[in-house]
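To convert a position in the sequence shown, counted from 1, into this note's numbering, add 2.
Be aware that a few hints might be false.
[Claimed, not checked] Here are the simulated DMTMM-like pairs of lysine to aspartate or glutamate, each with C-alpha atoms no more than 25 Å apart in a straight line:
1) K99 / D88
2) K99 / E78
3) K112 / D88
4) K123 / D96
5) K29 / D17
6) K27 / D7
7) K27 / E48
8) K12 / E50
9) K12 / E78
10) K29 / D7
[Unchecked claim] Pair by pair, the computed Cβ-Cβ distance ranges are:
11) T65 / L4: 15 to 25 Å
12) P46 / I110: 50 to 60 Å
13) E98 / S59: 35 to 45 Å
14) T95 / E71: 42 to 52 Å
15) M77 / V100: 43 to 53 Å
16) L20 / H104: 32 to 42 Å
17) L73 / L105: 42 to 52 Å
18) S59 / G107: 25 to 35 Å
19) E71 / E34: 12 to 22 Å
20) A94 / L20: 40 to 50 Å
21) Y14 / H104: 37 to 47 Å
22) K99 / T5: 37 to 47 Å
23) E71 / G18: 43 to 53 Å
24) H104 / P58: 37 to 47 Å
None of these hints come from the bench; they were simulated from the model.
We put the CB at the ideal spot given by N, CA and C, even for glycine.
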Amino acid sequence: MLTCDKKIIKVYNDDGSLFTNIEPKNKINDIEITNDGSGMIFAPMEQEKVGTFFIPSMGNAPTWCSFLENLTEEMEETHSTSVYDDFKFLTATDLEKVNASHLIGTPILKAYMHGYFMEIKAY
């Protein structure tokens, strides 16, 4: 199921849970999906070109734009390590549970939003 208003397109799973959001920069006027079971979404917006979005998990790319399938395959093959792959995110409550609240303010914990990053090795 797809829904939209002027600012956001929401895609839902079959069970009604939210799958993903698409938030374009311009106002959305409508949305259309292709009938071929592909993951293409078209959104006429307040701009000259129609907004086109491809969600691979919704279906394969249509035959007329098969290059999208090649791009997504390349993206799946490329594995990049994120800066925070070697860290565990902990809230203050999590720190208390593992008796590590005394580490707040030390270089072992890096403050971030509502918690802290700790190296996996130290965790």
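Hints, verified against the model:
no. : hint                   : result
1   : K99 / D88              : holds (21 Å)
2   : K99 / E78              : violated (37 Å)
3   : K112 / D88             : holds (13 Å)
4   : K123 / D96             : holds (16 Å)
5   : K29 / D17              : violated (28 Å)
6   : K27 / D7               : holds (13 Å)
7   : K27 / E48              : holds (9 Å)
8   : K12 / E50              : holds (23 Å)
9   : K12 / E78              : holds (24 Å)
10  : K29 / D7               : holds (8 Å)
11  : T65 / L4: 15 to 25 Å   : holds (22 Å)
12  : P46 / I110: 50 to 60 Å : holds (52 Å)
13  : E98 / S59: 35 to 45 Å  : holds (38 Å)
14  : T95 / E71: 42 to 52 Å  : holds (44 Å)
15  : M77 / V100: 43 to 53 Å : violated (36 Å)
16  : L20 / H104: 32 to 42 Å : holds (39 Å)
17  : L73 / L105: 42 to 52 Å : holds (43 Å)
18  : S59 / G107: 25 to 35 Å : violated (42 Å)
19  : E71 / E34: 12 to 22 Å  : holds (21 Å)
20  : A94 / L20: 40 to 50 Å  : violated (28 Å)
21  : Y14 / H104: 37 to 47 Å : holds (44 Å)
22  : K99 / T5: 37 to 47 Å   : holds (39 Å)
23  : E71 / G18: 43 to 53 Å  : violated (29 Å)
24  : H104 / P58: 37 to 47 Å : holds (46 Å)
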